[in-house]
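Construct the entire structure; sequences and hints are all you get.
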Amino acid sequence: MQFTLDTSKASRCRMPHEGFSWRGLSMGASQWFKGSTAESEGGESTGGRREGSPWHGLGAVFIKELSDNLSSVRMLVLEILMVLFGAVVVYLAVEQLRQGTAEDQFLFLRLFAPPGDSLLTFVTVISILVPLTAIGLGFDAINGEHNRRTLSRILAQPIYRDALLLGKFLAALATISINLVILWLMIIGFGLIRLGIPPSSEELARSLVFLLLTVAYAGVWLALAMVFSIVFRATATAALIALGLWLFFALLWPALSAPLAEVIAPPDLRYSMLGLQTPDTLIMQTTLSRLSPGTLYSQAITAILNPDVRSLGPLFLDQIQGWVRGAPLPLGQSIILAWPQTVALIAGTILLYVIGYIIFQRQEVRA
Amino acid sequence: MSDIVIQARDLTKRYGKATAVDHISFTVSRGEIFGLLGPNGAGKTTTILMLLGLSDVSAGTVRVLDHDPVRQPLQVKRRVGYLPDTVGFYDNLTAFENLTYTARLIGMAPSERDSRISASLGRVGLADVANKQVGTYSRGMRQRLGLAEILMKDAAIAILDEPTSGLDPQATAELLDMIRGLKHDGVAVLLSSHLLDRVQSVCDRVALFQSGRIVLMGSVPDLARQVLGGGYHVDVEADGQGLANILAAVPGVRAVEQIGPGRLRLLSEGDVRPQAAAAVVNAGGQLRRLSVEEPSLDAIYSRYFQGQQVSHAA
Numbered sequence: 005m006q007f008t009l010d011t012s013k014a015s016r017c018r019m020p021h022e023g024f025s026w027r028g029l030s031m032g033a034s035q036w037f038k039g040s041t042a043e044s045e046g047g048e049s050t051g052g053r054r055e056g057s058p059w060h061g062l063g064a065v066f067i068k069e070l071s072d073n074l075s076s077v078r079m080l081v082l083e084i085l086m087v088l089f090g091a092v093v094v095y096l097a098v099e100q101l102r103q104g105t106a107e108d109q110f111l112f113l114r115l116f117a118p119p120g121d122s123l124l125t126f127v128t129v130i131s132i133l134v135p136l137t138a139i140g141l142g143f144d145a146i147n148g149e150h151n152r153r154t155l156s157r158i159l160a161q162p163i164y165r166d167a168l169l170l171g172k173f174l175a176a177l178a179t180i181s182i183n184l185v186i187l188w189l190m191i192i193g194f195g196l197i198r199l200g201i202p203p204s205s206e207e208l209a210r211s212l213v214f215l216l217l218t219v220a221y222a223g224v225w226l227a228l229a230m231v232f233s234i235v236f237r238a239t240a241t242a243a244l245i246a247l248g249l250w251l252f253f254a255l256l257w258p259a260l261s262a263p264l265a266e267v268i269a270p271p272d273l274r275y276s277m278l279g280l281q282t283p284d285t286l287i288m289q290t291t292l293s294r295l296s297p298g299t300l301y302s303q304a305i306t307a308i309l310n311p312d313v314r315s316l317g318p319l320f321l322d323q324i325q326g327w328v329r330g331a332p333l334p335l336g337q338s339i340i341l342a343w344p345q346t347v348a349l350i351a352g353t354i355l356l357y358v359i360g361y362i363i364f365q366r367q368e369v370r371a
Numbered sequence: 018m019s020d021i022v023i024q025a026r027d028l029t030k031r032y033g034k035a036t037a038v039d040h041i042s043f044t045v046s047r048g049e050i051f052g053l054l055g056p057n058g059a060g061k062t063t064t065i066l067m068l069l070g071l072s073d074v075s076a077g078t079v080r081v082l083d084h085d086p087v088r089q090p091l092q093v094k095r096r097v098g099y100l101p102d103t104v105g106f107y108d109n110l111t112a113f114e115n116l117t118y119t120a121r122l123i124g125m126a127p128s129e130r131d132s133r134i135s136a137s138l139g140r141v142g143l144a145d146v147a148n149k150q151v152g153t154y155s156r157g158m159r160q161r162l163g164l165a166e167i168l169m170k171d172a173a174i175a176i177l178d179e180p181t182s183g184l185d186p187q188a189t190a191e192l193l194d195m196i197r198g199l200k201h202d203g204v205a206v207l208l209s210s211h212l213l214d215r216v217q218s219v220c221d222r223v224a225l226f227q228s229g230r231i232v233l234m235g236s237v238p239d240l241a242r243q244v245l246g247g248g249y250h251v252d253v254e255a256d257g258q259g260l261a262n263i264l265a266a267v268p269g270v271r272a273v274e275q276i277g278p279g280r281l282r283l284l285s286e287g288d289v290r291p292q293a294a295a296a297v298v299n300a301g302g303q304l305r306r307l308s309v310e311e312p313s314l315d316a317i318y319s320r321y322f323q324g325q326q327v328s329h330a331a
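Protein sequences appear in the order of chains A and B. Here the first sequence stands for residues 5 to 371, where the numbers follow the numbering used here. Here the second sequence stands for residues 18 to 331, where the numbers follow the numbering used here.
In short, the hints are calculated from the structure, not lab data. If you're wondering where the values come from, they're calculated on a predicted model, not measured in any experiment. Check before you lean on any hint, since a few could be wrong.
[Unchecked claim] Listed below are several chain B residues computed to face chain A (Cβ distance under 8 Å; list not exhaustive):
#: 1; residue: ARG26
#: 2; residue: THR62
#: 3; residue: LEU91
#: 4; residue: LYS94
#: 5; residue: PHE113
#: 6; residue: ILE123
#: 7; residue: MET125
#: 8; residue: SER128
[Said to hold, decoys possible] Beta-carbon label-pair distances, calculated as ranges:
#: 9; chain 1: A; residue 1: SER76; chain 2: B; residue 2: ASP27; range: 25 to 31 Å
#: 10; chain 1: B; residue 1: ASP239; chain 2: A; residue 2: SER75; range: 52 to 58 Å
#: 11; chain 1: A; residue 1: THR291; chain 2: B; residue 2: GLY124; range: 23 to 29 Å
#: 12; chain 1: A; residue 1: GLY148; chain 2: B; residue 2: ASP239; range: 43 to 49 Å
For every residue, glycine included, the Cβ atom is placed at its ideal position computed from N, Cα and C.
Right, here's the structure in full:
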């Protein structure tokens, strides 16, 4: 039987294991993951296409999960955190902007990413709180149902597992999006009052692209947290591992990528003598650091929120030819600059979701 | 139209080298209560999950309502109600909201949703607490809510996994009454239990599981005849001369045992109380008490496995 990663096909046949073994994937999972060892012995039931729509019941799951998310105490706490931090950093940014002259063409964008290297910017707050929210919404998606013993009852209703998983994923993503849009509106409103000038259409467009990027970034952590919620039975384990991985990528990985790059691509003595970085080492370091979704996200939003940014990696002399200093990039060019990072974030989300999907499809539902 | 709603033939489930369910075959008909009985880990729940299409089938075939649960799980699950072992509901929602969610998942028309939920909650006696959070429910109430879900679904088959485990005697009796009610509606009921005595009273036929195989299948009196060679104990208290011999001659009686002065125990193939009473009266005896003890599954089960062990030893 052919197995392709085309989700519409994969969703209709729930048993991709004949002829294609996902054993490598499953070995790391805990012992309640028994599906991979179930080998079919002929019989007509193998490899058949499943009938009926995999999306049946998706709407019901989505609405239920969305209302659960929006009314949960957990989400309330995260919302308060977001608003609190957002208000403080935006206030600081506004006060800083009011000190300077209004020469800046992109005053409103400075609300999100103020100039200077202050840590207390809206962008840093968001890049910390969004993964936290995503993990908070995803870490008990499936194992929570298991532990409440609702999973087998729900799956005994006429729906495929696809609907349950996708419904939960989309509901959590919608929850985050709703929060971000509200936050965005609050910032625009606050900026209007305190700065006294309306944002230009390009600024609005850029900040909306920033919102979309943030949702994509949230998707990565949400999909990751949901994978852990499928693999680990204990919700605390899933939450801790997801948070640990996030801390690793946020704090350790940026520091690790430089020494690792020097090991993989040792610096050339000829460059070191001149006090320059070896191009190969530099490229390897950039590549490694981009394995972290946090790096990808911060690079992408840097390009979007700072029209002056022209490159997100090492820049060679011949690339600077014809550079008009001080001229900001148009939005389209900034999007092109951020495009690889954006695609990587979306691809990462889809990849993690598919991994979770495959594991979930092959999992035993019994308690 | 066939009355057979579940048909399993040589159904097998393997986990790696271990075989959880080993070539079992059985059928369940409309309006029948079929019991899957046996110790924990004997393969009952695995069998149930295969019937629902929630677990892959390693070998053999299953037909549920003329559908293949592996290929057409939605059609099967639309008409089959399932009450899992220790059923769970969303504690933060009320009983009504929980059932509303299920009704939405089923795709029930919004116009009939509320009335069907109310009716089913009424039937299981939860109408008064329908708007309380399920978190406040006792175990017995949760089991009844699970039955309400099956009623609301208007299922043709109800599959109940250990429905009585952890319930107090009164809750058990109530639940068993409701299960009889399902049978009355023409629903085929498949229930599993490791408590043989509890469910023997409701089951029309039972299948006794032992390490993944069905070792005995049939109605309880049939099994009693097969295994115990009879199974009914009729106790007679009567005064009279030579009653033991007279009673031994009654058709169906296999043995007579004197268990006290004026007290006799008959081992019989059926309920022979009328014949025994007539025999005592005809012999001029004074009948004071007559009682019957139906064969218990426990006795059948333990006798069966005693026999197995003896034959293994020999």
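Hints and how they fare:
1. ARG26: Cβ of B/ARG26 sits 11 Å from chain A, so the hint is violated.
2. THR62: holds (6 Å)
3. LEU91: holds (4 Å)
4. LYS94: Hint holds; B/LYS94 Cβ to chain A Cβ min 4 Å, cut 8 Å.
5. PHE113: Violated. Min distance 14 Å.
6. ILE123: holds (6 Å)
7. MET125: violated (10 Å)
8. SER128: violated (16 Å)
9. A/SER76 x B/ASP27: 25 to 31 Å: At roughly 48 Å between Cβ atoms, B/ASP27 and A/SER76 fall outside 25 to 31 Å, so the hint is violated.
10. B/ASP239 x A/SER75: 52 to 58 Å: About 55 Å separates the Cβ atoms of B/ASP239 and A/SER75, which means 52 to 58 Å holds.
11. A/THR291 x B/GLY124: 23 to 29 Å: violated (48 Å)
12. A/GLY148 x B/ASP239: 43 to 49 Å: holds (46 Å)
Checked against the numbered hints above, the structure violates hints 1, 5, 7, 8, 9, 11; every other hint is satisfied.
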